[in-house]
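Student: The residues making up each chain are set out below.
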Amino acid sequence: MHCHNCLSHINIPAGAKKIVLVGNPNVGKSVFFNAFTGMYVDVSNFPGTTVDISHGRYGGDVILDTPGIYGISSFNDEERVARDVVLAADLVVNVVDAVHLERDLFLTLQLVDTGLPVIVALNMMDEAKTRGIAVDADLLEHLLGVPVVPTVAVKGQGLDDLKARLPEARPGIVPPELQKELREMMRTVAASPEALLVLEGDEEVAGRHGLSAGGRREDFYQERRRRVNDIVGHVVREVTDGAGFAARLGRWMLRPLTGVPIFALILYAMYYIIGVLVAQDIVGFTEETLMQGLYEPAVRGFVGRFASEESVIGTILVGEFGLLTMTVTYILGLLLPLVVGFYLVLSVMEDSGYLPRLATLVDRLMNAIGLNGRAVIPMILGFGCVTMATITTRILGSQRERTIATAVLGLAIPCSAQLGVIAGMLAGLGPEYIAIYTGVIVLILGLVGKVLHSVLPGESTDLLIDLPPLRLPRGENVLKKTVTKSYAFLREAAPLFMLGALLITVLQVTGLLEVIQDGLAPLTNGLLKLPRETATVFIMGMIRRDFGAAGLEDMALGPAETLVSLTVITLFVPCIAALIVILKERGLKEGALIWLGSWLAAFAVGGIVAHILI
Amino acid sequence: MTLAQATRGQRIEVVAIPDPAVRAQAIRFGISAGERVECAEKLPAGPVIIAKGRQEIAVGRRLAESIEVRPA
Ligand SMILES: Nc1nc2c(ncn2[C@@H]2O[C@H](COP(=O)(O)OP(=O)(O)OP(=O)(O)O)[C@@H](O)[C@H]2O)c(=O)[nH]1
Ligand SMILES: [Mg+2]
Numbered sequence: 001m002h003c004h005n006c007l008s009h010i011n012i013p014a015g016a017k018k019i020v021l022v023g024n025p026n027v028g029k030s031v032f033f034n035a036f037t038g039m040y041v042d043v044s045n046f047p048g049t050t051v052d053i054s055h056g057r058y059g060g061d062v063i064l065d066t067p068g069i070y071g072i073s074s075f076n077d078e079e080r081v082a083r084d085v086v087l088a089a090d091l092v093v094n095v096v097d098a099v100h101l102e103r104d105l106f107l108t109l110q111l112v113d114t115g116l117p118v119i120v121a122l123n124m125m126d127e128a129k130t131r132g133i134a135v136d137a138d139l140l141e142h143l144l145g146v147p148v149v150p151t152v153a154v155k156g157q158g159l160d161d162l163k164a165r166l167p168e169a170r171p172g173i174v175p176p177e178l179q180k181e182l183r184e185m186m187r188t189v190a191a192s193p194e195a196l197l198v199l200e201g202d203e204e205v206a207g208r209h210g211l212s213a214g215g216r217r218e219d220f221y222q223e224r225r226r227r228v229n230d231i232v233g234h235v236v237r238e239v240t241d242g243a244g245f246a247a248r249l250g251r252w253m254l255r256p257l258t259g260v261p262i263f264a265l266i267l268y269a270m271y272y273i274i275g276v277l278v279a280q281d282i283v284g285f286t287e288e289t290l291m292q293g294l295y296e297p298a299v300r301g302f303v304g305r306f307a308s309e310e311s312v313i314g315t316i317l318v319g320e321f322g323l324l325t326m327t328v329t330y331i332l333g334l335l336l337p338l339v340v341g342f343y344l345v346l347s348v349m350e351d352s353g354y355l356p357r358l359a360t361l362v363d364r365l366m367n368a369i370g371l372n373g374r375a376v377i378p379m380i381l382g383f384g385c386v387t388m389a390t391i392t393t394r395i396l397g398s399q400r401e402r403t404i405a406t407a408v409l410g411l412a413i414p415c416s417a418q419l420g421v422i423a424g425m426l427a428g429l430g431p432e433y434i435a436i437y438t439g440v441i442v443l444i445l446g447l448v449g450k451v452l453h454s455v456l457p458g459e460s461t462d463l464l465i466d467l468p469p470l471r472l473p474r475g476e477n478v479l480k481k482t483v484t485k486s487y488a489f490l491r492e493a494a495p496l497f498m499l500g501a502l503l504i505t506v507l508q509v510t511g512l513l514e515v516i517q518d519g520l521a522p523l524t525n526g527l528l529k530l531p532r533e534t535a536t537v538f539i540m541g542m543i544r545r546d547f548g549a550a551g552l553e554d555m556a557l558g559p560a561e562t563l564v565s566l567t568v569i570t571l572f573v574p575c576i577a578a579l580i581v582i583l584k585e586r587g588l589k590e591g592a593l594i595w596l597g598s599w600l601a602a603f604a605v606g607g608i609v610a611h612i613l614i
Numbered sequence: 001m002t003l004a005q006a007t008r009g010q011r012i013e014v015v016a017i018p019d020p021a022v023r024a025q026a027i028r029f030g031i032s033a034g035e036r037v038e039c040a041e042k043l044p045a046g047p048v049i050i051a052k053g054r055q056e057i058a059v060g061r062r063l064a065e066s067i068e069v070r071p072a
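Chains A and B, in that order, give the protein sequences. Number 202 in my numbering belongs to position 202 of the first sequence; there are no gaps in the numbering. Number 65 in my numbering belongs to position 65 of the second sequence; there are no gaps in the numbering.
It is worth saying that the hints were derived from the structure and are not from the lab. Treat each hint with caution, since some may be false.
[What the hints assert, rightly or not] Heads up, simulated DSS-like pairs for lysine-lysine below, C-alpha to C-alpha not over 30 angstroms straight-line:
1. A:17 x A:129
2. A:155 x B:52
3. A:129 x A:180
4. A:584 x B:52
5. A:480 x A:589
6. A:163 x A:18
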């Protein structure tokens, strides 16, 4: 994505200043954004949570949250996005992690060198303290030449101070030699930030000014690194080496001997919470007792007063696939509890700092399908929502990796609602079916990745990832995230479900449904050895796979038939929302291929499983 | 020797990182030629984890094989 005009779709009122939050990945920028604007954007403990620009109002000004970056340049999409926002900034709030100043000050100095007004939020002071690190904020302020405010964003400490000192943001101290070069360059490139980037060999920015980038990036970087080390030497004092239990646990998560069992344990806990607790106990209550037992009869009785259930309008509203009966029951009684359960578990994982360690643990496996360990992050997020995860593939280092990851996501990763239904149904069948199902899906995932890896040109990038400290997930953040994401699910799913239900009812009333079921019989009955009625489920699945999965739950199928149908619905086409995002991120050709490929894969694999088992 | 040959717990000094894009990224992480780091962890045939102060970075095995280091 070349985002020359990233800001163009953001409405910035006349006279409003653009305040931009900039910092390394995972330092707390989004927490600040939320605190400044009163909105909620995602906060997680892994580098790369924010991949897009969020904007909100702060007083009369506009505040922008950017993806975390280690420097401003054009190494990847996130950097390009952040770079252009910085170039357009009126004021930069640079968030740094007090525990990792050696890393973070590199960006700080680059920002200072741009000549923009900067204020530094020295965040994570609580963690610095527990780890025995003392940072002299006043001295840092003196050495940088810009205000430095110590903060603990998650506790709101220092926020008022930061707000109060915003007007003090100012251009910092630029070394004299660099100043001289900048002045030279500013004869051709008027703006100082752009002049700096051209000097540093940023080809894109140079290109915009009709210049060619110089090859001196490394000289600048080395010099800056020297300045950073010098500053850190002066302002940081280590009181004790506070590596405690969290550090040890972090290591255990990495070593295969302990890391694999830990991962297995986490997966089992997830399965137990979602597949057993939520899918059976809670859903049993919400779906059967509440919705089908109380709600549906009530709404049928109510509608019955105006229209008979056999009439067209009655069928649409309260019939077998009724808008007010089945649709509402599926969304609220079945899927919502599953989605909430899922996001709770995912949020805890995201907030703990486990994901980058998992990325390291599975790096070697991912190499086999042309990805590096980093790709595990979009994969895991895909179990929440494939739509969101597809956007997160932007954290991957090359287009080729993004294609592979998107294809795997679209094809083989079931999203939360769907996986919840699947887990619930499989749990009822017994461990051997769970094993076969998982085996088949993992096999297909591997095969697809392998094939793409060997046919796509180019090379994948290697793993180079920052391991954040493990943190105890914060209840408040976990809850907020769960609520936000579950709400987003409702908003996205509800209209599509309505549409799907309406479509099916229309097909049913007009008799077309039977025609389709007969027409598809060679596929459903012949190939998959399933009852003809499953065709309905696949039509539902085209709208959303979880809708299809929910439909399966209501059918009377034997264990082997259930397994086959679950396999097919898992591999089936990505839901409409995901498809739109795939088209947007990957283009028409790739999107169409993924969609058609899903049909093929779903029925081919389902057919094979059916012929072996049934 | 290469980073991939370092043993767990060994202190090493980075000599050269051949890939320019990786080199630039590594400087930003605080790891450039001449820097002393510790090989904190090594996964069998998998990534090498290097630590510098409190900063921990996982480096894929293939990349580690291309990074030149010497014992420090
Ligand atoms: N202990 C502590 N944790 C913090 C503080 N500020 C943020 N965090 C945690 O740090 C993690 C990262 O916060 P985010 O706001 O997602 O960071 P970000 O800079 O937006 O990250 P990206 O979007 O990935 O670049 C979360 O787990 C937060 O809860 C703080 O002052 N102290
Ligand atoms: Mg963020």
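Student: Run through the hints listed earlier and report the numbers of any the structure violates, in increasing order.
Tutor: Numbers 1, 3, 4, 5, in rising order.
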